[in-house]
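Participant: Residue numbers (my numbering), protein chains in the order written: chain A, 60 to 333; chain B, 20 to 328.
Cβ-to-Cβ under 10 Å is the rule here; a few derived chain B residues that face chain A:
1) I55
2) G56
3) G80
4) D164
5) W199
6) G203
These aren't lab readings, by the way, just hints derived from the structure by calculation. By construction, the Cβ of each residue, glycine as well, lies at the ideal position given by its N, Cα and C atoms.
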Amino acid sequence: MKRPIAARTAIHLVLVLGAVCMVGPFLWMVLTSLKTMGQSTQVPPILVPWPLKWSNYADAVGTLPFVQFYLNTTIATMAKTAGQILLCSLAGYSFARLRYPGRDVLFILTLSLLMVPGQVYLLPQYMIMKWAGWLNSVTALIVPGLFSAFGTFLLRQFFLTLPRDVEEAARIDGANPLQIYWHIALPLARSAMVALGIYVAVWSWNDFMWPMIVNDSPAKMTLSAGLASLQGQYGTNYPILMAGAVLAVWPMLLLFGFLQKQFIEGIALTGSKG
Amino acid sequence: MAQTSILGTNRTLKRGNPAARSEALWGYLMIAPNTIGLIILHAIPVVLTVYYSFTEWGAFGDSAWAGLANYRRLIADTEFWGAVRNTVVYTLVVVPVSISLSIIVATLLNQKIRGVGIYRMLYFLPVITLPVAIAMTWKWLFNADYGLINYLLSLIGIHGPRWISDPKVALISVIMVGVWARIGYDMVVLLSGLKGISSTYYEAASIDGAGPMTQFFRITLPLLTPTIFFLSIMGLIGAFQVFELIFIMIGRDSLSIQSTESVSYLFYQKAFLHNEKGYGAAIVLFLFLVTLLLTMVQMKLQRRWVHYE
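So here's chain A without its partners, still in its complex pose (with noise of 0.2 Å):
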């Protein structure tokens, strides 16, 4: 069904449109972030400055350790990411395929807990981070990331779809539950550990609200509450504050020009941010 030219033309139009209103935040925070304080309040403004001045991300990094938080922010993306495909595997392989009483509660005790936004936790969990003295560490953006039930139910339906036999087989011959799990079960379960990793490591990456509620020491923050404080610092020094945040999303932004179609993927199939 190939249409007539003008009707093309049109469509491309709206979506060029379109696409300009979703690129052009994206622009206008690399333009500003390279121009002086004046030239960026200059009206009419100018478009690109010249000559660029880089020194606004010297200016950002100096004022705040912003090396300290992509250290903090990626350990902590890569710990959570790697724990709760980990041990949302382990648990979901356990749900699916072994029989044990009590499996039936507890997997629907996991499911009730999909009901209830994360903000209801937070001000316990800030309470047991606190009673653990692990406020201002690294350790307290990791440990309560580690744990989901979201996850568990997500590869629980994953292992349901995978055919049986060769387990069953593996079983015969001798091995265990986990030998089978680690073995035969996680290498056919990739995709779904993909989509599960790529949908934490976003919402890890982007995560606000937890990480400044318990950090407030700039050493442990992450690039989110990092930029924050920045922007208690600079108020409306813009140029400073958009090279902030370009130094904040550059790498989840690289990441996604990588690995594209496995994002895409992986946020539509496993639910919204925030």
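Since the structure of chain A is already known, use the hints to place chain B on it.
Facilitator: Relative to the frame of chain A, chain B by itself:
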């Protein structure tokens, strides 16, 4: 981990009933780490939040039973009801507008045109971008004096409002960013919904002489309703927790904070800045119960408008 070969060395040791017991043992061992974590850090916190909501907190972290005091305060607190109103308005505009715009975009992308992959990527960018950075960038775009938006409006002779600092306009600005950040997600999910509609429907309709508009409203839209239903549930849960946009774009010193602050934002303020943890707990429980209630209402209403093939 288990590097022992998959050979039957253990098998002879366990037989019959012991096999079932061993399976149960493995089962418990494998769910244990996740389940213990969920109990300590999710299940118990729900119970604790309920408990906190009946307590009052002193300056030194000591707490005392307060009965229903926090709930009485909640009912009488005009700031709280203002936050409820803001959150409801935000959600009721962002979710349907984002879904409607996404239906248009997804339908256009579903035509046989070039560059679908590029469009999809560009529309999806905001979904994976740090919300704090998004909020900051839009605050700059909305700047009344030097912002790009008011400059572009001035080119067509419109004197733009003070998007952020005018209390009457600020919520609209926040809503616009909320929609902008959601479209990509809704669009991708709708696109996969569209791919699932069998082309035989359209062929049959074409033979019957139905034009593109009739086809859209009689075939596409009804068959998309399950996807739209899913998105409206996910959207509601997400939009009800809106926080970053208000924290970064508006902030507590702004004149507009009263007319924009969400229930989540008020919860954060009370629980973590004012050390009114009991009151904060009551607020967040209210958020939970309303989310649950609205989800249930949506589930009930779905029979009226969602078509399953």
